[in-house]
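Novice: Could you build all of it, start to finish, from the sequences and the hints given here?
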Amino acid sequence: MIRTEEMILNVGPQHPSTHGVFRLVVKLDGEIITEATPVIGYLHRGTEKIAENLQYTQIIPYTDRMDYLSAMTNNYVICHAVETMMGIQVPERAEYLRVIAMELGRIASHLVWWGTYLLDLGATSPFIYAFREREMIINMLNELSGARLTFNYMRVGGVKWDAPDGWIEKVKDFVPYMREQLKGYHNLVTGNEIFLNRVKGIGKYTKEEAIQYSLSGVNLRCTGVKWDLRKDEPYSIYDRFEFNVPTRETGDAWARYQCRLEEIEESLKILEQACEQFPAEGDIMAKVPKIIKPPKGEAFVRIESPRGEIGCYIYSDGKKEPYRLKFRRPSFYNLQILPKLLVGENIANMIAILGAIDIVLGEVDG
Amino acid sequence: MIQDMLQSSPGLGNFVIFFILGLVLLLIVLGFVTFSILAERKVMGYIQLRHGPNQVGGRWGLLQTVADVLKLLLKEDIIPKLADRPLFILAPIIAFAPSFMVLATIPFTENFQFADLNVGLLYYVAISGMTVFGVLLGGWASNNKYSLLGGARATAQMISYEIPLVMSVLGVILLSGSLNLNEIVEAQKNGWFILLQPIGFIVFFIASVAELSRTPFDLPESESELVAGYHTEYTGFRWAFFMLAEYVYLFAMSALITVLFLGGWMAPFGFLDFIPGSVWFSIKFFFVLFVYLWLRSTFPRMRADKLMEFAWKVLLPIALGNIFLTALIKSLFF
Chain A
1 MIRTEEMILN VGPQHPSTHG VFRLVVKLDG EIITEATPVI GYLHRGTEKI
51 AENLQYTQII PYTDRMDYLS AMTNNYVICH AVETMMGIQV PERAEYLRVI
101 AMELGRIASH LVWWGTYLLD LGATSPFIYA FREREMIINM LNELSGARLT
151 FNYMRVGGVK WDAPDGWIEK VKDFVPYMRE QLKGYHNLVT GNEIFLNRVK
201 GIGKYTKEEA IQYSLSGVNL RCTGVKWDLR KDEPYSIYDR FEFNVPTRET
251 GDAWARYQCR LEEIEESLKI LEQACEQFPA EGDIMAKVPK IIKPPKGEAF
301 VRIESPRGEI GCYIYSDGKK EPYRLKFRRP SFYNLQILPK LLVGENIANM
351 IAILGAIDIV LGEVDG
Chain B
1 MIQDMLQSSP GLGNFVIFFI LGLVLLLIVL GFVTFSILAE RKVMGYIQLR
51 HGPNQVGGRW GLLQTVADVL KLLLKEDIIP KLADRPLFIL APIIAFAPSF
101 MVLATIPFTE NFQFADLNVG LLYYVAISGM TVFGVLLGGW ASNNKYSLLG
151 GARATAQMIS YEIPLVMSVL GVILLSGSLN LNEIVEAQKN GWFILLQPIG
201 FIVFFIASVA ELSRTPFDLP ESESELVAGY HTEYTGFRWA FFMLAEYVYL
251 FAMSALITVL FLGGWMAPFG FLDFIPGSVW FSIKFFFVLF VYLWLRSTFP
301 RMRADKLMEF AWKVLLPIAL GNIFLTALIK SLFF
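Those protein sequences? They're chains A and B, same order as listed.
For the first sequence, position 123 (counting from the first letter as 1) is numbered 123 according to full-length UniProt numbering, and the numbering increases by one without interruption.
For the second sequence, position 77 (counting from the first letter as 1) is numbered 77 according to full-length UniProt numbering, and the numbering increases by one without interruption.
Because the hints were derived from the structure by calculation, they are not lab data.
There could be a bad hint or two in this list.
Estimated spans, in silico, between C-beta atoms of each pair [stated by the list, open to error]:
id : chain 1 : residue 1 : chain 2 : residue 2 : range
1  : A       : A147      : B       : L26       : 53 to 61 Å
2  : B       : G31       : A       : V39       : 47 to 55 Å
3  : B       : I78       : A       : A147      : 34 to 42 Å
4  : A       : Q273      : B       : G31       : 58 to 66 Å
5  : A       : G191      : B       : V291      : 14 to 22 Å
6  : A       : E265      : B       : V119      : 31 to 39 Å
7  : B       : F286      : A       : Y68       : 38 to 46 Å
8  : A       : E180      : B       : A327      : 47 to 55 Å
9  : B       : L26       : A       : D173      : 55 to 63 Å
10 : B       : A327      : A       : G20       : 53 to 61 Å
11 : B       : V119      : A       : G191      : 38 to 46 Å
12 : A       : P234      : B       : L62       : 55 to 63 Å
13 : B       : G321      : A       : Q14       : 42 to 50 Å
14 : A       : K340      : B       : L325      : 46 to 54 Å
Taking lysine-lysine and the DSS-like style, the derived pairs with C-alpha atoms no more than 27 Å apart in a straight line are [unchecked claim]:
id : chain 1 : residue 1 : chain 2 : residue 2
15 : A       : K204      : B       : K306
16 : B       : K42       : A       : K183
17 : A       : K226      : A       : K183
18 : B       : K75       : B       : K145
19 : A       : K170      : A       : K183
20 : B       : K306      : A       : K27
21 : A       : K200      : B       : K306
22 : A       : K207      : A       : K49
23 : A       : K231      : A       : K290
24 : A       : K49       : A       : K160
25 : A       : K183      : A       : K200
26 : A       : K290      : A       : K326
27 : B       : K313      : A       : K200
28 : A       : K27       : B       : K145
29 : A       : K287      : A       : K319
30 : A       : K160      : A       : K293
31 : A       : K27       : A       : K340
32 : A       : K320      : A       : K293
33 : A       : K27       : B       : K81
34 : A       : K183      : A       : K172
35 : B       : K42       : A       : K340
36 : A       : K269      : A       : K170
37 : B       : K306      : A       : K340
38 : A       : K319      : A       : K160
39 : A       : K231      : A       : K207
40 : B       : K313      : A       : K204
Note that beta-carbon positions come from the ideal geometry of N, C-alpha and C, so glycine has one too.
Specialist: What follows is the structure, given as structure tokens:
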């Protein structure tokens, strides 16, 4: 008589493929998962609580450390919220610099995802190719802001530093280069039979489920919902650019992969146009009081980060610190669907599904 | 030469000669392992836009592996408290010993072969199948869930892929009419078996990658899923034994493919015969080896269930069809 029993496997927080300090307690029947419980909070630093004791400009460096793969969008969302409350008109040159920086960040973030996802699937080389291109982006952002990851670049009312001489030309040169490299990525990975076997039909959910679980970004668009805040609720100067919102219908990991790679192309389009339209001169800071005191009231803004909708809610009682600050962190919301997706899958798929969601633990834990 | 001695009466003189020859082979193999690890890191490095080792032992990093082995020797030998101690100690040895035993039958050149067995190929397959016990025991004895999963995966994979491996090579046996590796090489005088047995070669090569559990079939130790698979709990030299076994098998498998399909020590054309056989053998051998390294740096990993499907539903029928086809051709045209 063979007696079988379920095994509880503790994946993480130290595990090569949980992308940081994510922990997953899975109940296994052989290699098949019968139950999965995510455990988060290992990286919780209480950003929102700390922010209640900080002036608005001081909060910006904390946002860098939330989604550390695309810190520019985080910078933007807090500045945008305060600007909305105070009704500040940001100078055009600053808006262009912001958009260029954010789109570069989006490409860099998707590149990291592409590399690490394939690393999860066992391919070692794509990781290094992706990081070669990302390194160029990071060097450019470094020239712009003086930091490689935690930029602390944007300020309420504009940006901290103007673009150095020849920087816009560098971005311009980067666009065709990156397009060329993308072709190489597709040649190396996209058609690979083993890769397709690993991602097609994996981690599937429907349009309705995606909306019920309040997924956003690529995780929503892979089911066919055409929802991109850059198009649907244009903020900054995104209404001036021509670009598409890539969607797929199938809602599996393969759809998410295609969407992300296509988004890189669309970001390149935006970069190209932004560099073209870049104003030759102008201010980079609006007239903003030394001490920023938004009027009494509240505001919620949301923008499209590489991972989805990142939102910032501020309740101000007229002081120089916010009374309450809340970030809608997309990774946290996107992660909610994971336990549902994992049931009935095996361990290899567990990694493929988790990777395809594209979480950043700094953002999940806040 | 060696064959004569094998048949001579036993004596101290013979023993000493055999001992020395064995030692020579051991040193050759260990030297190979040292440099194949370096080669792997260099090839992967260049494919991945890196330099690979370039600090220890000159600009080529020639002594990098030696330094690594020294480090492994000096490391603390940890045996988990809840591990099955005797099995835990035994497992690396079981995994490692057969890897050297299989080398005995491989004819490196016309004269340099240790045991000219009549069933050389069968011997290779049978002995190499023993390694799976070491892997399974290692995974079980570690008392670690990742190791257990890795060990179970390894067992399922190695047993499944042994069948297409043997089946694909039956075509070669049919054509050469022998299980003796020497005679198989001789039979390739008029054309290598890679040309006469292209299907068999492809099936054999894929199955061999799985047998060696290298990317894209590196599931037993798939790093991103099972941390390190069956050797998660092994440290220091016990771990090195698993790795050594893996690389010696890589050596043996590359040599076997050279012998079975690429004409062993023979020159590709008659007029190139003046170049010694050992050179030809090395060239072919290193090419096969390079392909293995190349695969590793370009492919993602298969999924466990698809892997089994692939072995039983794709490779095995193809291999069986190949046997049928070969038998048909042989009885009609030869």
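Novice: Sort out which numbered hints this structure fails and list those numbers smallest first.
Specialist: 6, 22, 23, 35
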